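Line order of the protein sequences matches chains A and B.
Take 41 as the starting number for the first sequence in the working numbering and just add one per residue.
Take 41 as the starting number for the second sequence in the working numbering and just add one per residue.
Hint data in this document are derived by calculation from the structure and do not stem from the laboratory.
Incorrect hints may appear among the rest.
One copy or two, either will do: identical chains are not told apart, so a pair holds if it fits within one copy or between any two.
What the hints assert, rightly or not - Here are the computed lysine-lysine pairs in the DSSO-like style, where the Cα-Cα straight-line distance is at most 27 angstroms: (1) Lys-138 - Lys-195; (2) Lys-190 - Lys-86; (3) Lys-243 - Lys-168; (4) Lys-124 - Lys-50; (5) Lys-195 - Lys-86; (6) Lys-138 - Lys-86; (7) Lys-51 - Lys-124; (8) Lys-63 - Lys-96; (9) Lys-243 - Lys-63; (10) Lys-243 - Lys-50; (11) Lys-138 - Lys-96; (12) Lys-138 - Lys-51; (13) Lys-243 - Lys-51; (14) Lys-168 - Lys-195.
Computed from a predicted model, the values in this text were never measured in an experiment.
2 protein chains.
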Amino acid sequence: MARPISNPDKKSSRELLLEAATKLIRSKGYTSTTVDDLCEAAGVSKGTFFHNFTSKEDLGVAAANRWAQVTSEFFRLAPYHLNKDPLDRILGYVRFRKEILNGELPEFTCLVGTMIQEVYQSHPEINKACFNSIFGHAEVLESDLSEAKKLYSPKASWTSSSLALHTQAVIQGSFILAKASGDIRTAAESIDHLENYLRLLFKS
Amino acid sequence: MARPISNPDKKSSRELLLEAATKLIRSKGYTSTTVDDLCEAAGVSKGTFFHNFTSKEDLGVAAANRWAQVTSEFFRLAPYHLNKDPLDRILGYVRFRKEILNGELPEFTCLVGTMIQEVYQSHPEINKACFNSIFGHAEVLESDLSEAKKLYSPKASWTSSSLALHTQAVIQGSFILAKASGDIRTAAESIDHLENYLRLLFKS
């Protein structure tokens, strides 16, 4: 008897809902995105939503965790890691952040940086997942910054940890300015200043 | 005949509603803040709300415009303007931004930077008022940065305008990190990096 053939490219309802959440929350925020919006965008029923998530908050946590995974993989595979010099890797990372400022604002801005503004007091579980995403990403940069500091700036008083977080502050803030102005260049110019700061710090 | 004596310290319903909006939106965002929440926090009736504002969006625009006015006045009166050297005024501004990181997160974070994340696509009028607040504030800094550039870095390739906006990107982003971590120091350390960058740029 023939068994039904499952299509390995077919996305699960859970994945469709998480993709819809990423798109909608980046466009209009967490609170504005309703369960109905999510079901419509994902093409699933409300029953399917609640089969996959206990609540919208549960989906918010899952969306932030998925964001952390997807972006980790995306940056892990980026070509700047091929540089042998840690400073070249750091500068390559910053230039890469500038290169990927492409398309519409909801396509390149940060899901978790957006959600934090709404949830940091009211939804601690979502906030924790957003924190893990941003601070986990900064930790990856920290190891290259530590290596670069040892080589080029061993006596500097700043810590690699604070500098890694500063790079994320600039990027998050540059998204806010780009959203306000509707102009990607505002974000790009701020990332240029970040690159300039790193060059001055390491005198490269 | 005695006339009723009006109390000059008594705030108008409009002002009470705008203060409530500033507090609530900084805590949980624009969409989560309902007209009922605003009326309760301001101690006014719904009728009074709609006597003062045609809609919640109308209040959002007014709250962003009031924010621009209040913060302009606050920074205009700050002591760093007394410095004769434009670079000292700039560095004084940045240190002042660090000094005022005090109290609870909703008390020192930015109303308009928070709102932008939710409204930039859905509420163009609020977004425009938020843009005017942030970019107007940056313009004030730009004149000191231009003067400092002429004195200390006349040949630099960056523009005073982009540097003024970069200071705002760092501050906005530092708020996101502080909200994520629940730790003001995350914001303070990013502002330290901003000060360090300015010192390196102007070699002070």
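(Q) Under the constraints set out in the numbered hints, which ones does this structure not fulfil? (A) Per hint list: 2, 3, 4, 5, 6, 7, 9, 10, 11, 12, 13, 14 violated.
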